[in-house]
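> In case you want the letters, here they are:
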Amino acid sequence: MINIQNVSRRSFLKSFGLASGGLVLACSQPTKSLAKELLIDAKIFQPNLFIQIKSNGDLILLAARSEMGQGVRTSLTSVIADEMEADWNRVTIQQATGDIKFGNQNTDGSRSIRTFIDPMRKMGATAKAMLITAAAKMWKVPESECQAENHVVLHPSSGKKLAYGDLVAKAALLDVPENVTLKNPKDFKYIGKTLPSVDVLDYVTGKAKFGIDIRLPQMKFAAIARCPVTFGTVKSFKSDKAMAIPGVLQVFEIPKIDRPFGPLGGVAVVATNTWAAFKGKEALEIEWNFGANKNYNSDAYMKTITEHSLQDAVVVFNQGNVSNAFAKADKLIEATYQLPHLTHAPMEVPNATAHFKGTSCEVFAPVQDPQTTRTEVAVYLGLKEEQVTVNITFLGGGFGRKSKPDFVVEAAMISKIINGAVQVVWTREDDIQHSYYHSVSSQYLKGCINLNGQVTGWLQRSTFPSIASTFVKGKDYGMSGEFDMGLINTPYKIDNFRCENGQANAQVRIGWLRSVSNIYHAFSRNVFTDELAAAAKIDPLKFYLNLIGDDRVIPSNSDFKIDTKRLKNVLNIAAKNAGWGKPLPKGHGLGLAVHYSFYTYVASVIEVSVIEGKLKVLNIYTALDCGRVVNRDTVLSQFQGAAVFGLSLSFYGKITAKNGAIEQHNFDDYRMVRMPEVPHINIEIVESTETATGVGEPGVPVIAPALINAIYQATGKRYRSLPLSDFDLV
Amino acid sequence: MELNINNKIVTVDAPPDMPLLWVIRDLIGLTGTKFGCGKALCGACTVWLNGMPIRSCSTPVSLAVGKNITTIESLDPILEHLQKAWQELNVPQCGYCQPGQLMSAAALLKENSNPNDEEINNAMSGNICRCGTYLRIKQAIHLAATYQTENP
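Protein chains in written order, with this note's numbering: chain A, 1 to 730; chain B, 1 to 152.
Incorrect hints may appear among the rest.
[Claimed, not checked] Stretch by stretch, here's where chain B covers chain A in the computed footprint (C-beta under 8 angstroms, at least three residues):
1. 88-95
2. 204-210
3. 219-232
4. 395-404
5. 419-428
Everything labelled a hint here was simulated from the structure, so no lab data went into it.
The beta-carbon is built from N, C-alpha and C at its ideal position, and this holds for glycine as well.
So that you can see chain B by itself, here it is in the shape it has in the complex:
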């Protein structure tokens, strides 16, 4: 089947029920998207499907055909603002959950360019960070929102 991932067309030989996560990681070879739980409980595998955040570990690849798949390896301007803020505030500890956190955060900022704490909590509550970097993530989302305002 043909997939559009980060604006590139790739052809993969995958059963239709194979979760998108494993297609991305094991067949396409982009390993920035992470496996954490396999049950849509932790958010480590978050990618976008037509700009909407989804848990790729629980999304069959068949649902992604004909749609735009966006991963942490993409060059999205909102994602770049967030990556800059993440570095500025030294958000990651082990770093493993951060691609998923960033994809969720970027999806939020696309919808809401200046979210308040509660809106951030709501948008990010599906992403677990075992190291406990939550407060820095929240702060970095606020910071990225200011970058976006200054340099949309």
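The shape of chain A in the complex, shown without the other chains:
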């Protein structure tokens, strides 16, 4: 249940970072299933969403989600402001510190809106109702004669009106009404509309404070040299050359911490400025114990996991009998798809500022998961969690990298050693070479079609080092969360369907990257579908629609189930917008892909030309259904950005290792798409009143397969691995 309380007079407000005064409403977690997802006991009133209306009328929202470009601070605020008829210009946002008392703050999984929209609406409606009650009491008129509008309560028949700020003192004394009426969606002023970002002015004037912009009095700067091979350690080092660099103050070894988000260890250089620390790091002479991963070579590794994909593996899903279907098949098709490691490369490198003060530690950092950050810092320093304060700055991009707080623990370590405030800054090379990488993967698919072009059997073997290996050493099979991302939850109607998972032993740190396992599963499923369509000599769009089959909701254990009607709808819209079937010039092609992830339905059709061996992406048409839209412009932004993210990984994304060391360094050899390469991008959002679902990640997985399928249409050539720079296409 959504439980809302009036906590205006509660003494604990200060501990939540709110000044006393005015009307303060707190809300505990929403529903049982969401409570389960957010790891909170729904029976206990644990307030974790707060709004405060001050006597000057200012509305303050305490934001417990990290802002990394997905616009969450704006979206959540707009929901409350809409329901409470607030003036958008009176809303300010205060970022909550990392603390379990705010409920789950882990900003990942594209889930902020889908988990918070309902409680936020009810909070807003409750505040409005209380302000109306307060006004009605003051005027001695029935509440039903009063209405709220743009930060004011009105009594139209007498013409009386009072601003919200003038009503909060009285409202703060009221009980929370048991039932409040939510607005009719047709009356929404902000929800579903385009609203400017609450932070845009600070972004464009350089005033927004990212982690790297934090400055504390007497603060030092630090850089760390880490072993080129993952989990290698320092054998010995010489620091004289580093110490000779003006500005370098101290050089010392820091240990490797054997925890999932523990620092890799290495040699730290502390200096009076970032550049001196970087230069000092370069001047270090270090001998390393490379350790167990020193033989990691990505070419050989790809061969190994591909062998595992070609053999019988662990069955993770089965229906019907694939072997029988293959035995009776009219046509068998097989293919293997290989995708490399990727890394996030957010524009703001990992960095953190820490100030250890003996019995407490204050941290400022761009983190997606501030509570885990707090725990890891506390465990390392031997402090209680309440002795650690984690202040969340803006994140200059996250994409999953900043949900791992290893870099914050580094800052805490160094701060303790130097007994003062320090900012640890990674170089871009550090970021590219010591990440938690998106899994390299090999997918083997085998399918059969009958004479009518119907798919009668589908076998998929997915082999990739699992994210689980980051948490459990030696875990060399995948976990259900990874299979749920586009492997076992097929929207296709196939009687004989089997998924297997091959062994893969991780030799670098593996982690989440925007869209996670959906990237390789959507890639292989969609390209293989296109290969089957080609084998059946059926138009791909028609083939997909047949394969998805009749309108139905596919059973699943989660709250959200794939609704094939919605899936086909986005596919049809993207195809229509792209002019699917239109005559194309020679060397041009249209390709499509469709995928359901983070509960959102997405299809993209991409138009390319390949002239004299060079690829040009001309148009991307994406259609999506994310249920109710909160901020229309944010959804557009996220899907425009996802298309570019998908192009970058398709064109250039490739992390390789030789003798355990990552071979890429910076944006010259781990390239990103730049402005001239970006095509026209058309996004259509399906109007819907269904539950709001994720938008940050689901736009990515469809891009690469749609591109491969378009290149096939343009050239007749099938590419089964990425990036395309390997084939000199870009």
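Dock chain B against the given chain A, drawing on the hints supplied.
Below, chain B alone, put in the same frame as chain A:
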């Protein structure tokens, strides 16, 4: 050494080979100019030297002595047109690369008050945006060009 930054004279104690970026951020304390790569590959650190866009991460401070350094914190009329257009079109996502994007865009508009798409692509190809806001940046440059025409 003495530097002229945003029309103010400041004195800093820096080695001559220290990149201008770190002088601006760590010694002068203006943090709007960003570190992205350290190798002049991403454009996040773009500032102007005598009105010309440069990558401050790879420019020694000694080259800036006696010249006018302009950063995102300055109040330049062309920059203001762009900042307005950026807000109007809600360009930023994470916002981190945007100061560098704006400095590159403003340098373009100084030279060419009404650039076409190709000219914008050329001028902006040194600036990476990992969030992928490129199309909005392009649109905002066109919009700012109209502001500039209306209100030069």
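> Decide, hint by hint, whether the structure agrees.
Here is how each hint holds up against the structure:
no., hint, in the structure
1, 88-95, "violated (count 0)"
2, 204-210, "holds (count 7)"
3, 219-232, "violated (count 1)"
4, 395-404, "holds (count 5)"
5, 419-428, "holds (count 3)"
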